[in-house]
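Chemist: Line by line, the protein sequences are chains R and E.
Note that the first sequence ends on residue 208 in our numbering; no numbers are left out.
Note that the second sequence ends on residue 203 in our numbering; no numbers are left out.
To be clear, the hints were calculated from the coordinates, so they are not data collected in a lab.
Only a predicted model underlies this, so the values are computations on that prediction, with no experimental measurement involved.
Ideal Cβ positions, reconstructed from N, Cα and C, are used throughout, including at glycine.
Fair warning: there could be bad hints in the mix.
Claimed, not checked - The following label-pair restraints were derived from C-beta to C-beta distances:
1) E/Lys82 x R/Leu6: 34 to 40 Å
2) E/Thr57 x R/Leu105: 29 to 35 Å
3) E/Ile37 x R/Gly35: 22 to 28 Å
4) R/Phe77 x E/Gly167: 37 to 43 Å
5) R/Leu105 x E/Arg193: 40 to 46 Å
6) E/Ile63 x R/Leu72: 22 to 28 Å
7) R/Leu72 x E/Gln156: 40 to 46 Å
8) R/Ile63 x E/Gln(-3): 47 to 53 Å
Claimed, not checked - Simulated pairs of lysine-lysine, DSSO-like, Cα-Cα distance not exceeding 27 Å:
9) E/Lys199 x R/Lys131
10) R/Lys70 x R/Lys131
11) E/Lys199 x E/Lys(-4)
12) E/Lys82 x E/Lys(-4)
13) E/Lys55 x R/Lys70
14) E/Lys199 x R/Lys183
To be verified - Selected chain E positions facing chain R (Cβ under 10 Å, derived; list incomplete):
15) Leu6
16) Met16
17) Ile17
18) Ser21
19) Ala24
20) Ile63
21) Val68
22) Ile70
23) Thr75
24) Asp78
25) Val94
26) Ile96
27) Asn102
28) Gly176
29) Ile185
30) Gly201
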Amino acid sequence: MSSLAQLALLLVGAALVNNILLTRFIALCSFFGISDNMQTSVGMSLAVVFVMMLASTATWIFYYGVLKPLGVGEFLYIPAFILVIAALVQFVEMYLRKYSPALYRAMGIYLPLITTNCAVLAAATEAVKPGFFKMNMPYGFTLGENLVYTLGVALGYGFALLSFAAIRERLDIAPVPRSLKGAPMAFICAGLLSLGYIGLGSLFGL
Amino acid sequence: MKQWLEVLRNGLSFENPLTVLMIGLCSTLAVSSKVEGAFFMGIAVVFVLTMSNVLISAVRKFTPDEVRIPIFIVIIAAFVTIVDLVLKGYFPSIYSFLGVWIPLIVVNCIVLGRAEAYAYHNGVWLSVADGLGMGAGYLIIITGLAAVRELFGSGKLMFLGQTLVSFGAAYRGPNILLLFPGAFILFGFVIAGSHALNRRLAARKEGSA
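Isolated chain E (complex conformation) (with noise of 0.2 Å):
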């Protein structure tokens, strides 16, 4: 169990598939100009993730070496067409909103990096942390974003239909923080944030060891 938190653990913060192993990012940069967008995305990517991860460790016994990475993208593909269906009938609002990037979580790196990486090698009940952890750690760092993005940006957080926090209509917001270049600059101050907190985490570490 405690390997189990410790697995999960890694996912949220020294191996944070975002800001530290720097993959699955044209998601997250795109799709983060909304929070409810980007709260989906986050969830659909936990999901795919946890359970492609969960039936490639499965399967990680019969699985022929040299033809791991197409079984692994096929399996992927099974669980993101669960959800591009799923997004398409219920939220069809949200499915429009992210357009393309539903089918582009096959090809998303923490998808498949963590199968190749990850459940390829270990238990199905590990597998499960992982992919929880390295999902919420996707999750946080995108919602996050969108958050900061929509709120000052647009001076409004909108979840459903329903206006969260507000800083009233006469509020100006850079507009430059819902555009392209808002979302690169945004995230490069995430990641040197992240990347000093994470120095002073293992400074910490140490010390008390």
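Isolated chain R (complex conformation) (with noise of 0.2 Å):
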């Protein structure tokens, strides 16, 4: 087990420094596809918080409970874990329906979209194949690595977003070029927004 030093380092690093979304292009999509609303924002990066942490859980424990005792683990890895992710959140989705409607409410319609959010299925695989992850952890990591590790990624994941959503609604009143209206903007501006997180990286040497 890690020091406690080590897990800050972790939640950090993954978090701000190798942010998913402005440092590593993980999950993109949503990132450019959503973020043109504060709304929708809120309620994306709740769920994907929520429903990361459950899945990258169950993917780690499918992983070392199952496939590798009967090793499959090194060829099966990329069907089962997106059947684990997809079956998770169908399950979710139920279960909130059910008995949760105010918080089925909020994010429920983004639900089925985190399947195929890549962010989930990245954090997932980079617990169980050390060496995808930039800090090259030369190990697979441990439970409770493995839980820091995704909290960390799913707070950068919103922390980014909301960031970018923020300049979106400002970007909408300012005075663009025609050519550069809408969608190709967007990327500018985030380049400049993931050149302030390049800067978080010699912050902490890492």
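Each of the two chains sits in its own frame; use the hints to bring them together as a complex.
Modeler: This is the structure:
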């Protein structure tokens, strides 16, 4: 088990320094797709934090509990993970609809979309495949580290999405050249935002 | 045959997955810092997209509507696993460069999107054209983007250990092109350019008709 300091470093590293959206480009589809509206961005961020924590715990247990003992982890992890995630999302959706209608209204429509949100699959894969994550842990994560890491990734996702949504709201009223209006300008702004995140990297020396 | 070519061409220009439909962006920006990585990623996507289009279109008559998405995903995941193992076995350096992006082809919106929007409603033959066209549209944009980033960012173009073009050792390129912000900003201009081009093409089409 790693020390508390290492866990804290892992959290910060996953959330800010290796921010999943702005410095690693994972899950950009949802990033550009929904960030033009603050309300939907809040709903999506909540749903991602929630589902990601559940999904990556489930896939971790599935990998070490089922796939690895059977010796098929090497070539079955892709279909297995995506099915675990898809099934889990379905269950969460049914559960929320029945027991927590308020929460369901807030993030219900984003739940199916999350199945194909690359961030969830990426976090799940990186937890069991050391070396994919930039900090180059020489071993697969333990369950505790996996939880901390996933929390970091999910928080980083939410933070980047919300800050970008705020920028895009201002962008709507800004004078932008005609050919750059809309998507091109959004990309350029994302580039500038990501420049800031790169600065954070040297701050922590990671 | 004419329709086949039409479908193929649509993927390249008017419905280009990256610049017009704006799906599958994540991998494009992430792996386009090196030409060889981008090229192999493009090939992998062409393969997965075409093969999954064929299979999904072939089984579309027996696929119940309610469970079609899980079926699509399993089919796609099978082809992605093939790519994953082939790259790992024969091109280990490229495998480690692409890293998590290979498994992520499963959730690449282009592949699932074409399965849902095209292959599920059209015949096998046309689905091949759609897969090849969309895949080629992806391959061209991602390789082009990578070529610009690598050439101007580092001053030379490498492909499988060979130097294709070099500006010489004295060249000091803007480093930002190789970093993440460069990809975002460059891609913003690529979209702006391709929108302008498509507008012009559409205007000419109307003028001649």
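Chemist: State for each hint whether it applies.
Modeler: Status of each hint after checking the structure:
For E/Lys82 paired with R/Leu6, a C-beta distance near 36 Å keeps the hint of 34 to 40 Å intact. The hint said 29 to 35 Å for the Cβ distance between E/Thr57 and R/Leu105, and at roughly 33 Å that hint holds. A beta carbon spacing of about 27 Å between E/Ile37 and R/Gly35 agrees with the range 22 to 28 Å that was offered as a hint. Here the CB-CB span from R/Phe77 to E/Gly167 is close to 40 Å, well matched to the stated 37 to 43 Å.
Checking the proposed 40 to 46 Å range against R/Leu105 and E/Arg193 shows it holds: the Cβ atoms sit about 44 Å from each other. The hinted window of 22 to 28 Å between E/Ile63 and R/Leu72 holds, with their beta carbons roughly 26 Å apart. The given range of 40 to 46 Å is respected by R/Leu72 and E/Gln156, whose C-beta atoms sit roughly 42 Å from each other. A C-beta distance of roughly 49 Å is found between R/Ile63 and E/Gln(-3), which places it inside the suggested range of 47 to 53 Å.
Distance hint between E/Lys199 and R/Lys131 is unfulfilled; the C-alpha atoms sit about 50 Å from each other, more than 27 Å. Simply put, R/Lys70 and R/Lys131 have alpha-carbon atoms about 12 Å apart, close enough for the 27 Å limit, and the pair holds. With a CA separation close to 17 Å, the supplied pair E/Lys199 and E/Lys(-4) stays within the 27 Å bound. A threshold of 27 Å between alpha carbons decides the hint, and for E/Lys82 with E/Lys(-4) the separation of about 39 Å lies outside it, so the pair is violated.
For the suggested pair E/Lys55 and R/Lys70, the alpha carbons sit about 36 Å apart, so the restraint of at most 27 Å is broken. With a C-alpha separation of about 24 Å, the suggested pairing of E/Lys199 with R/Lys183 holds against the 27 Å cut-off. Because the smallest distance between the Cβ of E/Leu6 and any Cβ of chain R comes to about 19 Å, over 10 Å, the interface hint for this residue is violated. Hint status for E/Met16: holds, given a least beta-carbon distance of 6 Å to chain R, under 10 Å.
Taking 10 Å as the C-beta cut-off, the interface hint given for E/Ile17 holds, the closest approach to chain R being about 6 Å. A least Cβ separation of about 8 Å between E/Ser21 and chain R falls short of the 10 Å threshold, and the interface hint therefore holds. A cut of 10 Å between beta carbons decides the hint on E/Ala24: the least distance to chain R is about 4 Å, and the hint holds. Given the 10 Å rule on beta carbons, the hint for E/Ile63 holds: about 8 Å separates it from the nearest Cβ of chain R.
Contact between E/Val68 and chain R, as hinted, is supported at the beta carbon level, the nearest pair being about 6 Å apart and thus within 10 Å. Interface hint status for E/Ile70: upheld, as the beta-carbon distance to the closest one in chain R is roughly 9 Å, under 10 Å. Hint status for E/Thr75 relative to chain R: holds, with the closest Cβ pair at about 5 Å, below 10 Å. The closest approach between the C-beta of E/Asp78 and any C-beta of chain R is roughly 7 Å, which is under the 10 Å cut-off, so the hint is satisfied.
For E/Val94, the suggested interface contact is upheld, since its CB lies about 4 Å from the closest CB of chain R, less than 10 Å. Hint status for E/Ile96: holds, given a least beta-carbon distance of 9 Å to chain R, under 10 Å. The closest approach between the C-beta of E/Asn102 and any C-beta of chain R is roughly 8 Å, which is under the 10 Å cut-off, so the hint is satisfied. With a least beta-carbon distance of about 7 Å to chain R, the hint placing E/Gly176 at the interface is held under the 10 Å criterion.
Because the smallest distance between the Cβ of E/Ile185 and any Cβ of chain R comes to about 5 Å, under 10 Å, the interface hint for this residue holds. With 10 Å as the threshold, the beta carbon of E/Gly201 stays out of range of chain R, its nearest partner Cβ sitting at about 21 Å, so the hint is violated.
Checked against the numbered hints given earlier, the structure breaks hints 9, 12, 13, 15, 30 and satisfies all the rest.
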